[in-house]
Amino acid sequence: MPEPLLEVKGLVKHFPITLGVVRQKQVGAVRAVDGVDLALYPQETVGLVGESGCGKSTVTKVLMALEKPTAGQVLHHGKDVFSMSAKEQKQFRRSVQIIFQDPYTSLNPRMTVGDIVGEPWEIHPEVLPKKGRQAAVQDLLERVGLNPDFINRYPHQFSGGQRQRIGIARALALKPEVIVCDEPVSALDVSVQAQVVNLLGDLQQEFGLSYLFIAHDLSVVRHISDRVNVMYLGRIIESGTNEDVYERPAHPYTQALLSAVPSHDPAARGQKKRIVLQGDLPSPADPPTGCHFRTRCFKAQDVCAQEYPPLVDRGQGHPSACHFAEVVDVVPVEDAASAPDRVTSLRKTRGR
Amino acid sequence: MTTLPSPSPAVARAGGEHLLEVQGLSVEFRTPYGVVRAVRDVSYTLDRGETLAILGESGSGKSVSAQTIMGILESPPGHVTGGRILYHGQDMLTMPKDEQRKLRGPEISMVFQDALSALNPVFTVGAQIAEMFRAHRGASKKEGLEKAAELMDRVRIPNARGRLKDYPHQFSGGMRQRVMIAMALALDPTVLIADEPTTALDVTVQAQIMDLLQELQAENGMGVILITHDLGVVNEVADRVAVMYAGSIVETGLIDEVFSRPAHPYTVGLMSSIPRVDARDTRLTPIVGAPPNLARIPSGCAFHPRCPRAQDVCAVEAPALVEVAPGRRSACHFAEEVLSA
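Top line first, the protein sequences correspond to chains Y and U. Residue numbering for the first sequence follows this note's numbering, starting at 176 and increasing by one per position. Residue numbering for the second sequence follows this note's numbering, starting at 18 and increasing by one per position.
Any given hint might turn out to be false.
Claimed, not checked - Among the chain U residues that face chain Y by a calculated CB cut under 7 Å, a handful are:
no., residue
1, Glu74
2, Ser75
3, Gln187
4, Ser189
5, Ala217
6, Thr221
7, Gln225
8, Leu233
9, Leu248
10, Asn252
11, Asp273
12, Phe276
13, Arg293
14, Val294
15, Pro303
I should point out that these hints are in silico values taken from the structure, not numbers from a laboratory. The C-beta atom is built at its ideal place from N, Cα and C for all residues, glycine as well.
Pulled out of the complex, with its shape left as it was, chain Y reads as follows:
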């Protein structure tokens, strides 16, 4: 197996909760990330899914070296990012770029599109000589599906989908190896979402990029990812290939999550066994003992409160963090031939 481009080992990030203005006594910690391992290999897309508050954005911040971890390492080509020299760190920042969720707040409203897309070269002038920059910006705009003549326009003159394309062009400017996509399509309309998802796929092929794709939308992650990690309250609870996680989910949380996604196919309605979880996500400042998910889990036993189940393969072919891991077929495999019959039978049974 080739060496991973980017590797996260035992990552822990706690944010202190302090009391008092002057002395700032620490009274606790929000355990945003509590031991996460991830690896990203060349030209692959790794999905990281989880609901709000599970720590997925904190993972990206540490991964991008925007935050220092409480413990653990981020390795870039095997070298620890946080013990690198300033020069090496600059190189690291060049090769790992990010696309943000909100295309409205992530572009400076006072800068023209040309300045926004070209700004990375001001910081890393060695990538491109000053002379060719305007033409290079126009190339990039064209590559992401925007009219190159828009170079002197401002962000407010564009729609949400177009702005996200500007953000993508900016991320491409430094010819990175890795692009971290933090919920890149969740702010976009359905009809525009697909355009951006397709664009990301095309760019990956063309430039040989690796993506770490963070999202709460399981369908989009399934569409784009080669491998998928599911997070819950600061920990990865299931990890595997796309097929492993979506077709053979072993952790009760993954199963519940998949069963809760509404399908837009009338034939699939009512085919899924719905697992409706009780209650809400516990506070990461005071996570449950043992398995973090046990307070909402339909399989919880005494052992779950005492012992944290490590993320290992329990005979399902891929690792999951559950004492009682068991593959359940949540989403039925599509059988196109019988689909029309199912619609008619559903219609009969559905009449209220």
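Starting from the known structure of chain Y, fit chain U onto it as the hints suggest.
For chain U alone, coordinates are given in the frame of chain Y:
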């Protein structure tokens, strides 16, 4: 709470009138940048016990018709320029204000998308739910709180009585949405308008809230208008759907029929642009371009600049929303071809 039997839509229709009927409604916003025609000649009906989904992307005008029904359209700049809203056959738009007030709340109520901004942060949730009884039923503070506790229990807020004195910020997103639903259901309405009730929530919580709404609907047989952009949610809970684009309804019909055999190219485009969780497709087929600015709606059919089937006629003549199959309407010059494709 009285449990009303929920007659099937067909029975209600035999009585000659719908629970709620919107006829040819047009709403525009007169802004300094021009007139935004947010709703253009929109008609739909709602019967007892039925769920009608209004599906559209942002800026399609899907919320504005609901705001008009609730009388919360901001005016100015918003103006109703035509149409009627009939509740049990009576036009709400021409009714005296105090008559309208007797309908809004007790008969028709609404759940909003963002519970944190829809609830008042400086009052306890108990007081806010109780206010419904105090304002409309003349209940005392104590009676109101008693009823509020019952309602919070009914929307399955754990330890309801103990949480009466909590403020909105002390609740999680899902619990806050339950508080909103409790308020909307306080006076046992016959019509509930839910405007993106689960968009701000995580999928596992979304499932809880949609289940709750369906259970409550089965209990009291109310008609529900569900406004959303999420095709999955529509498919799971709606009976009928009206698809909106650029301020107009482009297609209506029973959910199974519309989703399995769309009769408008926009619906076809929407269906093929979303990835599925239950199958892995290699490439999505998006709709080209972006939704139009409602201040500059394209001539003819508003969808023609993005439509793969557009012909010369589409840029000139706006297609009417006409019946293309029993119970199905589509506003496309080539609806027959789309339907048989």
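Verification of the hints:
1. Glu74: For glutamate 74(U), the interface hint holds, since the closest Cβ of chain Y sits about 4 Å away, which is under 7 Å.
2. Ser75: Holds. Min distance 6 Å.
3. Gln187: Result: violated, 12 Å to nearest chain Y Cβ.
4. Ser189: holds, 4 Å
5. Ala217: Check failed: Cβ of alanine 217(U) comes no nearer than 9 Å to chain Y, outside 7 Å.
6. Thr221: Threonine 221(U) check passes; min Cβ-Cβ to chain Y is 5 Å, inside 7 Å.
7. Gln225: holds, 6 Å
8. Leu233: violated, 14 Å
9. Leu248: The hint holds - leucine 248(U) has a Cβ within 7 Å of chain Y, the shortest such distance being about 4 Å.
10. Asn252: holds, 5 Å
11. Asp273: holds, 4 Å
12. Phe276: Since the shortest Cβ distance to chain Y is 5 Å, the answer is holds.
13. Arg293: Holds - the Cβ of arginine 293(U) comes within 7 Å of chain Y, reaching about 6 Å at its closest.
14. Val294: holds, 4 Å
15. Pro303: Given a least distance of 3 Å, the restraint on proline 303(U) holds.
When the structure is compared with the earlier hints, violations turn up for hints 3, 5, 8 and for no others.
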